[in-house]
Each structure stands twice: as structure tokens, then as C-alpha cells.
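Chemist: The residues making up each chain are set out below.
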Amino acid sequence: MTDYLEVTVDKFIFRVAKDRLYNEEGVWARLEGGQVRIGLSDFLQQRSGDVAFAEVKPKGTELNFGDEVAVIETIKVDIALSSPVSGEVMKVNPAMEDAPEAINQSPYDEGWLAVIVASDWEADRSNLLDPEAYFARMKVEAENEVKK
Amino acid sequence: MDDSTSETNNRKVVIVPCSGIGKTYGTVSREAAYEITETVRPEETQLVALSLLVLGDEAARAAVAANPAVTIDGCKLACATKMVQESGGEIAQDFAVLDVYRRYKQFKPKGIAELNEGGLQLAQALAGEVAAVVDEIQGGQHG
Numbered sequence: 353m354t355d356y357l358e359v360t361v362d363k364f365i366f367r368v369a370k371d372r373l374y375n376e377e378g379v380w381a382r383l384e385g386g387q388v389r390i391g392l393s394d395f396l397q398q399r400s401g402d403v404a405f406a407e408v409k410p411k412g413t414e415l416n417f418g419d420e421v422a423v424i425e426t427i428k429v430d431i432a433l434s435s436p437v438s439g440e441v442m443k444v445n446p447a448m449e450d451a452p453e454a455i456n457q458s459p460y461d462e463g464w465l466a467v468i469v470a471s472d473w474e475a476d477r478s479n480l481l482d483p484e485a486y487f488a489r490m491k492v493e494a495e496n497e498v499k500k
Numbered sequence: 737m738d739d740s741t742s743e744t745n746n747r748k749v750v751i752v753p754c755s756g757i758g759k760t761y762g763t764v765s766r767e768a769a770y771e772i773t774e775t776v777r778p779e780e781t782q783l784v785a786l787s788l789l790v791l792g793d794e795a796a797r798a799a800v801a802a803n804p805a806v807t808i809d810g811c812k813l814a815c816a817t818k819m820v821q822e823s824g825g826e827i828a829q830d831f832a833v834l835d836v837y838r839r840y841k842q843f844k845p846k847g848i849a850e851l852n853e854g855g856l857q858l859a860q861a862l863a864g865e866v867a868a869v870v871d872e873i874q875g876g877q878h879g
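Residue numbers (my numbering), protein chains in the order written: chain A, 353 to 500; chain B, 737 to 879.
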């Protein structure tokens, strides 16, 4: 069972799963064997709004750390998401095709984006934030959002 | 609300759109509501402003209570649907603009006070779906 860090900002509750790492924009990466599953953090999905469409790079795509791995279109914005890991896309969540709202409903579980066969996880992970570091960063961003 | 409020005995289908101001999807919902009530099915439908239901306007509440309603929500808060339910209305169908947009990806809505071409086309597509529901309620005389 996943444990979370949690903060309430204004009327919003944001959770950060403790069993994975995060890039600065809020894309998470969780090592599963030699593969890395990726998705959006709770804060990133809430800030972005309801997802209308999600286009993930197809199976077989080679990615470097930071390459665009997906574009999501929400009721507010279009966002290009950077890959938190280098490697080859092995699987894309089929829900992204017909039920991308899974990103909003279950960002850390059913709403995952893709599974990537990592080519250099040890190097990539050194560029990612641990849950506590991301939580602190996210909290500041959330508080700034509320002030707008 | 338009002048047809007094015609609730005809069992017109009440159309209640989102009242979200400053939101593209809210504007699409209202544009679709105007399209259906003024152009596509003016004789069979009646527009009821959500704000009147919120304010407890008696004529609006009576219209909703006496007729089947189609709600068009701009976001997942679903204010139109909730307000019709709270007003004692029977919802024949609730539409969410986002769900409709997913069926018409080519019509990407933008703009708030004025919708772009995609937004207007999405509103027309939505009005078409509402018209199908209205026809079904009314016995399919347009079918």
C-alpha cells in the first residue's frame, strides 16, 4: 500500500506518493524491476485541470532524459511532459486512448502514462527529486498558485 | 429565462446550461443551449437560466419541476445538474462539455467572451446531441 505525504492548501488537498521519484515539473518515476513506470503527480494533475486528451509517445520510442514523452490537453492548457527517465517506451497505458480522465481520478495508480525500459536509471535518478524534496517544492508552488 | 416560461404545460424540455463565467467550456454550454432553444428545437425546448434556479426564482423552479430537463455542465462540479435536482426537477439527460469534446476532438474550443470556430462547431455538435434527446422525449417527431 502506497504511503503519501499530504498537504492542504486553501481548499485543495495534494498528495505525494512516497514510493517514487519526481522530476521538477511533477512527472513521477517508479522503478519496477528494470522498468520504470511514469505518470503525473497529484499536484500536476490538479493544477492542469480535467484531461481531455493524452497523447503518449508510442511503444518503441527512444527517449533521453527530459525528452517530451507525452502531451496532455486539459480544459485549461496543453502541456508537454518531459520524461524523467531515458530508455525505450515499452508500454503505453491503454486508458490514455479512451479514458484519459484516469489521470485525474487516479494519478498514482490507474492514471499512469507509460512503462519505459530504462537505459541508465542510476544516472537518471540522480537528477530526480525524492518525495520529500518534491513535496517541499510542490507545497511552495501550490501556495503561490493560491495567491494568484 | 425566455418568454416561453408560461408554456410549461406543453411539457417542453427544459434546457439548463452551466453559468460559469470566464470559462471556455461554460461558454460552449451556453452557446449550445442558445442553439437548441433558438434555432434547432425552439418549439420543443425552453431555456432556464441556472442563476434563476440558484436565486429561487419561482417561475424557473416551476418550469423545472413540471418538465423534463436536459442539463449541460461545463465542468465536473456539475452545478446545472445539481441545481435542477435540488429544485425538484427530473433530469432526462445530463451532458458534460468535456465528454462531448472527447467525441469531437477536431473542434477544439478556445475563447471566453467569444468562442473560436472550433468552439462554435463544438456547441453545434452538442446542440445536435441535445436535439436527439429532446426528440426522444417528445416521441421522435423530428426523427
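Among the clues, some could well be false.
Claimed, not checked - With a straight-line Cα cutoff of 27 angstroms, these simulated BS3-like cross-link-like pairs (lysine-lysine) come out:
| id | chain 1 | residue 1 | chain 2 | residue 2 |
| --- | --- | --- | --- | --- |
| 1 | A | LYS443 | B | LYS759 |
| 2 | B | LYS812 | A | LYS428 |
| 3 | A | LYS363 | B | LYS841 |
Stated by the list, open to error - Some but not every residue of chain B turned toward chain A, in silico, with C-beta under 8 angstroms:
| id | residue |
| --- | --- |
| 4 | ARG747 |
| 5 | TYR761 |
| 6 | CYS811 |
| 7 | LYS812 |
| 8 | LEU834 |
| 9 | TYR840 |
| 10 | LYS841 |
Unchecked claim - Label-pair distances were calculated between CB atoms; the ranges are:
| id | chain 1 | residue 1 | chain 2 | residue 2 | range |
| --- | --- | --- | --- | --- | --- |
| 11 | B | GLU822 | A | ALA475 | 36 to 44 angstroms |
| 12 | B | GLU822 | A | LYS428 | 26 to 34 angstroms |
| 13 | B | GLU774 | A | THR354 | 25 to 33 angstroms |
Calculated from the structure, these hints are not laboratory results. The beta-carbon is built from N, C-alpha and C at its ideal position, and this holds for glycine as well.
Chemist: Tell me, in ascending order, the numbers of any earlier hints that this structure violates.
Modeler: Violated hints: 1, 3, 4, 9, 11 and 13; rest satisfied.
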